[in-house]
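S.K.: Spelled out from the first residue to the last, the chains are:
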Amino acid sequence: MAIKDENKKGQQEMIGFAFVIVLVVIIGLVFLLLALRQPSSIVERESFRVNNLLNGISYYTTECEGKNIQQLIIECQRRSFICEDPCNLAREEISQILESSLKGDYSFTARVESEVEDRDLIDPIKKEAKGECPGKRVVLKAISVLPNNILVKLVSCPVPKTSS
Amino acid sequence: MSFKNKKGQVKMIETVMVLLVLVFLFGMIMIFYARFQIFEIDRIAKQVDEARADSLLNRIIGMPELRCSLSFGAASEINCLDTYKLLAFSQIRERFEDEFAGLSEAKIVRDYPAPRNQEQCSFGNNYPSNCGEWLLFKKGVSRTSFDTFVTLCTQKGNGFAAFYECEIGRLIVGVPKRE
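As you go down the protein sequences, you meet chains Z and R in turn.
Using the working numbering, the letters of the first sequence correspond one by one to residues 1 to 164.
Using the working numbering, the letters of the second sequence correspond one by one to residues 1 to 179.
You can take every hint at face value.
Pairwise CB distance ranges (calculated): (1) Met28(R) x Ser100(Z): 52 to 62 Å; (2) Ser55(R) x Gly104(Z): 18 to 28 Å; (3) Ala18(Z) x Ile44(R): 34 to 44 Å; (4) Glu119(R) x Val43(Z): 27 to 37 Å; (5) Phe32(R) x Gly10(Z): 29 to 39 Å; (6) Val30(Z) x Gln91(R): 46 to 56 Å; (7) Lys46(R) x Ser100(Z): 24 to 34 Å; (8) Ser122(R) x Leu29(Z): 55 to 65 Å; (9) Leu33(Z) x Ala34(R): 23 to 33 Å; (10) Met30(R) x Phe31(Z): 16 to 26 Å; (11) Phe32(R) x Ile26(Z): 18 to 28 Å; (12) Thr15(R) x Val43(Z): 49 to 59 Å; (13) Lys46(R) x Gly28(Z): 22 to 32 Å.
Stretch by stretch, here's where chain R covers chain Z in the computed footprint (C-beta under 8 Å, at least three residues): (14) 47-53; (15) 59-71.
Since the hints were derived computationally from the structure, they do not count as laboratory data.
All values reported here derive from a predicted model rather than from experimental measurement.
Cβ atoms here follow ideal geometry from the backbone N, Cα and C, with glycine treated the same way.
Just chain Z, same shape as in the assembly (with noise of 0.2 Å):
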């Protein structure tokens, strides 16, 4: 009866002792998953900084003349012959602008969506192979919408900077 008693006591006290590690491992992960997690106030910088970048691509103005590259947009959907091709135009400053000004991985793309057309207006600029930035923790949109349903998208994984 006593030994009973003892195995018991025993097998209790081995499940408590098992509690407490889960519970501590639990308590473990929760923290590691909050320390890894990207702060906020970083996101919304970087967030903030594509969204600004979009506009500046928008309103840059091309030497074609003088249009900005949101009206090269709206030229290259009338399929006008404006500057010989506003599609191939554009596409060539939006990806040097891109080059020169984001260190991350990108993708610009310029569509039409509507019911009657729903086609690419430019080759999507990618400077990753596989995409919107496969694997990342931080993928970033902007998007802006333009006269007669264009959707310019940028998608941008910003190299995360780490401040000292």
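We have chain Z; now place chain R onto it with these hints.
M.R.: Okay, now just chain R, sitting in the frame of chain Z:
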């Protein structure tokens, strides 16, 4: 009797030793905690500095002394800065030092197209294409810096009509070093 005394002495020494070890351990924990607190305070202070710089980044773009006016059309609704306002501001920047409290530096640089040189902008021929940056504020050394993109627009005229041209720049703010 003497055996009992000896046993009592051993027990007392044992208690004193345990107390000493406890005091030592407690002291070690206190030192560790104090160091951790100092580190935490420093980290939080840096975070506060960075948050202030972040909010100033937005505020500077919205300053009416720098923003594009309505004459820039749709561009005035975005993060557009007037290059002539920037030039005027950089000439009298000492008057606006209070606006930049909490920063070590604030400047605008041309990003695209790349400027011909990185010189500070000043009145002269071919302005604004003859320079690379506008200094808005400078005080002390920076620990780190943040930036955001801005649209730099310049109003021009060809004798018949006024028009504007825009390029891409960056507003850079410096977070001061803590002593």
